[in-house]
Amino acid sequence: MIRTVEEDQHVSAPVLAAYSYCEAVTGRQARNFAYGIRLLPAPKRRAMSALYAFSRRVDDIGDGDLAPEVKTARLDETRAVLDGIREGKVAEDDTDPVAVALAHAAEQFPIPLGGLDELIDGVVMDVRGETYETWEDLKVYCRCVAGAIGRLSLGVFGTEPGARNAERAPEYADTLGLALQLTNILRDIREDAEGGRTYLPADDLAKFGCSAGFSGPRPPAGSDFPGLVHFEVRRARALFAEGYRLLPMLDRRSGACVAAMAGIYRRLLDRIERDPEAVLRGRVSLPGREKAYVAVRGLSGLDARQVSRGTVRRRAR
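Note that the UniProt record's numbering has the sequence shown beginning at 1, numbered continuously upward.
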């Protein structure tokens, strides 16, 4: 994206270089996230890239091939970097561009940096190999790794002056994060199983005869795998419906960013619902042209208006 001189004139060269590094990381690794943040003005886009780059660092530690004790030590080191940012100890000439960019973003926007501590806590759960008996248990994990990202992002977006029920915006941002994470869990069922991870609640797996797990391209013998997927899809849709109440509280471009990211995941959910066993054969994804279409719809406000009309219809019943 082209920046104007006015957008950059109050940002030092070292900080701009740090942001450029974070934007490169985001563009290279954030397949869905990047489509949304392209719609933001430069200061917000840069801040979101800094948040993504730090979050990516945390996720990469959790997903790596290192021994658990090494992962734990590196997560502790990353938390120490976050403490340094909070305490104002990161200088512009620091050799860690992610820390430099995030420190600047936290000065420009009221970002609740504690959300990144929650993200680290969630990755620690992964390192420990935790599993979840119930949806209530899984929600704790989802709130750490995704709900917190929603609340962090809201710190960058802000809410429109005079927005109704703006005090509930963090709650809706958190719920939208849960919707995205549950969609991720459905999409990555086989990949996670091959890595020794199971996220779906044990109660749900037992209910549909899927407790044996997912080690291949076919569901467990005698299971109702489509029933399990459709059950979780309905749960995710309910979370999306609740979380989308955030959109009317945001300015146009921030709302477009959220609508684009959430819209991509909702379309993924549609594909998974139509062919549940596809998630066992490989990763379900959208082509780039469809992601671009969703982004354009978000910028035009179509999704926000649809959500608004849907809210009105629910209230009228």
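Hints were generated in silico from the structure; no laboratory data involved. There could be a bad hint or two in this list.
[Claimed, not checked] Calculated cross-link-like contacts (lysine-lysine; reagent style DSSO-like; alpha-carbon spacing at most 27 Å):
hint, residue 1, residue 2
1, K89, K139
2, K71, K139
3, K71, K89
Distance restraint between K89 and K139, which requires alpha-carbon spacing of 27 Å or less:
Distance ~34 Å between K89 and K139 Cα, so the pair is violated.
Proposed proximity, K89 with K71 (alpha carbon, max 27 Å):
24 Å, holds
Is the straight-line distance between the alpha-carbon of K71 and that of K139 27 Å or less?
23 Å, holds
The structure does not agree with numbered hint 1 stated previously, though it agrees with all others.
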